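Visitor: My request is simple: use the sequences and hints to build the entire structure.
Residue numbers (this note's numbering): 1 to 599.
Everything labelled a hint here was simulated from the structure, so no lab data went into it.
Please read these numbers as outputs of a predicted model, since none were measured by experiment.
Watch out, some of these pointers could steer you wrong.
[Claimed, not checked] List time: in silico DSBU-like cross-link candidates among lysine-lysine, alpha-carbon distance up to 35 angstroms:
id	residue 1	residue 2
1	126	422
2	422	146
3	126	146
4	367	593
5	593	569
6	178	367
7	178	569
8	593	178
9	367	560
10	560	593
11	96	178
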Amino acid sequence: MTVKPFDGLQSQGDAGDPAELGGLGSQPLSVVSGFSAEDKDHDDLEGDSPLAKEDHPPELKGLEREETEVVRVLSTLRSPSHDRIKLPPKPHNPLKAFLWWYLSWAVPGMGMFSEAYMIFAIGNIKPFLSIDYPHCIGEVEPVTCKPNTVDSIEYVEICGVIFGMLSLGFLGDIIGRKWGSRLTMTIMFIGGVLLTSASSTNDSAFLAFFLFALAFYGVGVGGEYPMASSSAAERAEGSKEMRKKRGETVVLTFSQQGWGNFANTLVIIILLAMQGATGLVSQHQAEVTWRVQFAVGTFICLVVMIYRWFYLEESEPPHSVVASYTDVPGHPVPLREQVWKAEKADMDHKREDEEGGAKGLINEDYKRRFREYWIIVRFYWPRLFITCIGWVANDFAFYGNKLSQSKFISVISGPDATQYTKMQWTLLNSGVALVGYYFAAFTIDRSWWGRRRMQFLYFFSSFWNQFGPNCTTWLVAGEVYPTDVRAFFHGISAAFGKAGAAIAAAIFENVSTRDTYYASAAAGIVGFVITVIFLPDTTGLDLGEIDRMNRYMVEGQYDKYYGEAINPKYLSLYERWRGYGRHYDRERDEEQKRLQGIE
Numbered sequence: 001m002t003v004k005p006f007d008g009l010q011s012q013g014d015a016g017d018p019a020e021l022g023g024l025g026s027q028p029l030s031v032v033s034g035f036s037a038e039d040k041d042h043d044d045l046e047g048d049s050p051l052a053k054e055d056h057p058p059e060l061k062g063l064e065r066e067e068t069e070v071v072r073v074l075s076t077l078r079s080p081s082h083d084r085i086k087l088p089p090k091p092h093n094p095l096k097a098f099l100w101w102y103l104s105w106a107v108p109g110m111g112m113f114s115e116a117y118m119i120f121a122i123g124n125i126k127p128f129l130s131i132d133y134p135h136c137i138g139e140v141e142p143v144t145c146k147p148n149t150v151d152s153i154e155y156v157e158i159c160g161v162i163f164g165m166l167s168l169g170f171l172g173d174i175i176g177r178k179w180g181s182r183l184t185m186t187i188m189f190i191g192g193v194l195l196t197s198a199s200s201t202n203d204s205a206f207l208a209f210f211l212f213a214l215a216f217y218g219v220g221v222g223g224e225y226p227m228a229s230s231s232a233a234e235r236a237e238g239s240k241e242m243r244k245k246r247g248e249t250v251v252l253t254f255s256q257q258g259w260g261n262f263a264n265t266l267v268i269i270i271l272l273a274m275q276g277a278t279g280l281v282s283q284h285q286a287e288v289t290w291r292v293q294f295a296v297g298t299f300i301c302l303v304v305m306i307y308r309w310f311y312l313e314e315s316e317p318p319h320s321v322v323a324s325y326t327d328v329p330g331h332p333v334p335l336r337e338q339v340w341k342a343e344k345a346d347m348d349h350k351r352e353d354e355e356g357g358a359k360g361l362i363n364e365d366y367k368r369r370f371r372e373y374w375i376i377v378r379f380y381w382p383r384l385f386i387t388c389i390g391w392v393a394n395d396f397a398f399y400g401n402k403l404s405q406s407k408f409i410s411v412i413s414g415p416d417a418t419q420y421t422k423m424q425w426t427l428l429n430s431g432v433a434l435v436g437y438y439f440a441a442f443t444i445d446r447s448w449w450g451r452r453r454m455q456f457l458y459f460f461s462s463f464w465n466q467f468g469p470n471c472t473t474w475l476v477a478g479e480v481y482p483t484d485v486r487a488f489f490h491g492i493s494a495a496f497g498k499a500g501a502a503i504a505a506a507i508f509e510n511v512s513t514r515d516t517y518y519a520s521a522a523a524g525i526v527g528f529v530i531t532v533i534f535l536p537d538t539t540g541l542d543l544g545e546i547d548r549m550n551r552y553m554v555e556g557q558y559d560k561y562y563g564e565a566i567n568p569k570y571l572s573l574y575e576r577w578r579g580y581g582r583h584y585d586r587e588r589d590e591e592q593k594r595l596q597g598i599e
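Guide: What follows is the structure in structure tokens.
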């Protein structure tokens with residue numbers, strides 16, 4: 001008995017049409033998934049699949065039009081199985097329950113706290129660096145450092161962050177969330193040590209070392225973005241109750257960024273008060289202030305790094321294949337492991353018979369993976385477009401306003417205000433922005449609000465920005481993609497956002513404050529329009545369904561998937577227009593799930 005390979009999705013079609021995407025349907029499924037219905041020994045399917053018991057199960061009435069062998073193959077395409085994180089039961093004591101709830105998102109969010117504490121510190125401590133190094137950063141005559149090099153402090157930081165987002169985001173999908181999180185925090189800790197200890201008798205040498213340390217730390221920060229978002233989204237899949245509050249969980253994790261920004265300003269104020277530097281700040285007081293505040297941030301990185309190396313449990317990605325067969329009664333062997341053994345034996349055989357045979361087999365595997373990756377990119381490009389350009393629009397406007405913040409604080413506090421007074425106004429601004437994170441967290445999972453409506457909000461003030469797009473750009477980039485590419489695509493989106501920030505920094509240095517806000521408003525309008533058209537609202541959608549749909553798609557079976565991931569209410573206007581959801585059929589999907597042993 002031979003399975004007729006699905007014709008699947010034709011590769012010569014329009015890349016934007018899901019029905020015409022090139023899948024792997026032209027290959028036997030034994031190559032794609034390791035399963036061949038030709039092998040009679042493979043009839044012992046695990047997971048209570050109806051096809052493990054009989055060829056024509058009565059409960060499959062909705063699939064009667066499918067060929068028997070087609071249905072049999074579909075039974076192996078069950079939803080990728082997440083090893084759900086089993087959380088301990090919530091304590092009954094209200095105080096303990098609150099502490100349990102707080103730690104559930106505060107601890108995973110400490111990476112975002114650390115990166116915000118250190119990264120946002122640059123703008124706060126630059127005046128103190130100018131006092132400590134007046135002839136270099138302060139540009140007091142005689143000038144010892146090139147002005148362009150001094151101005152690159154902001155750009156070097158952003159370049160490091162972008163590199164980290166792309167490289168560590170890609171790596172995180174390969175080595176897993178746990179090792180990715182360990183790596184990012186280790187880089188951040190080393191970078192923090194370098195920033196704290198930066199010193200030289202030569203001003204130019206100090207600046208060069210400081211810029212290197214800042215870029216190095218930025219790489220870790222860039223990696224933290226996709227790691228934190230992906231892990232938080234996957235962690236929220238631990239139970240149905242958690243799934244309903246996935247947006248809240250992810251945004252609360254992201255809110256630690258607001259606390260990091262707030263804490264940094266507060267630490268600077270405390271350090272100035274402890275030194276009695278509420279008026280003019282001396283060179284010694286300035287050095288103590290910026291070094292100690294970096295040391296505090298580095299200590300936080302150390303604590304988080306130790307926690308991740310010794311206590312972190314990974315939010316498991318789905319297995320590529322879930323069905324399993326039984327070699328020995330009572331000892332099921334996962335299909336993926338069985339395939340690996342077969343491939344290994346095949347490679348050993350080829351190594352004996354023909355030199356270089358194993359290398360050819362490995363190359364074929366790489367080609368297959370590349371084809372799968374290309375299919376995913378072609379299918380998800382509208383979502384990648386909105387998560388990238390939406391983040392650009394947000395950061396362009398957000399950092400445009402942020403760069404002008406010091407001008408407004410100078411107006412509010414007066415031209416003769418001390419650094420201590422300016423820091424107090426900065427703290428107030430950070431506190432107002434911080435509240436917006438919590439409004440976002442507690443409304444984002446509401447059916448009457450959701451992701452898309454929240455991102456409609458544009459840039460009225462810091463409060464509205466945290467309440468809207470600054471949170472949702474981070475959230476949706478971590479939940480609209482399948483697990484296999486979630487961290488990397490989030491990293492790409494975040495990198496585009498930081499590029500928008502860099503563009504804003506370059507443009508707004510040379511334009512008036514009025515033009516700055518015109519440009520920010522224009523970015524807000526662009527963000528609004530593309531959000532309406534391209535952003536799907538995944539509020540309430542199980543991320544496992546996205547993985548399940550993705551598995552069908554890469555194996556050339558997209559037209560056989562009828563599940564919730566293509567429910568029109570979870571698709572964008574563009575995706576509905578292109579017909580992404582035309583195969584949605586809840587009843588047929590329920591039949592498939594029963595066939596596949598999915599609850």
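Visitor: Please go over all the hints and tell whether each is borne out by the structure.
Guide: Here is how each hint holds up against the structure:
1. 126 to 422: The hint holds at about 13 angstroms.
2. 422 to 146: 27 angstroms, holds
3. 126 to 146: Distance of about 16 angstroms is within 35 angstroms: holds.
4. 367 to 593: This hinted pair holds, its Cα atoms lying about 31 angstroms apart.
5. 593 to 569: With a Cα-Cα distance of about 21 angstroms, the restraint between residue 593 and residue 569 holds, given a limit of 35 angstroms.
6. 178 to 367: Within the cut-off at roughly 27 angstroms; holds.
7. 178 to 569: 33 angstroms, holds
8. 593 to 178: Cα-Cα ~31 angstroms, so holds.
9. 367 to 560: OK: residue 367 and residue 560 at ~25 angstroms, within 35 angstroms.
10. 560 to 593: Holds - the C-alpha atoms of residue 593 and residue 560 are around 12 angstroms apart, at most 35 angstroms.
11. 96 to 178: 27 angstroms, holds
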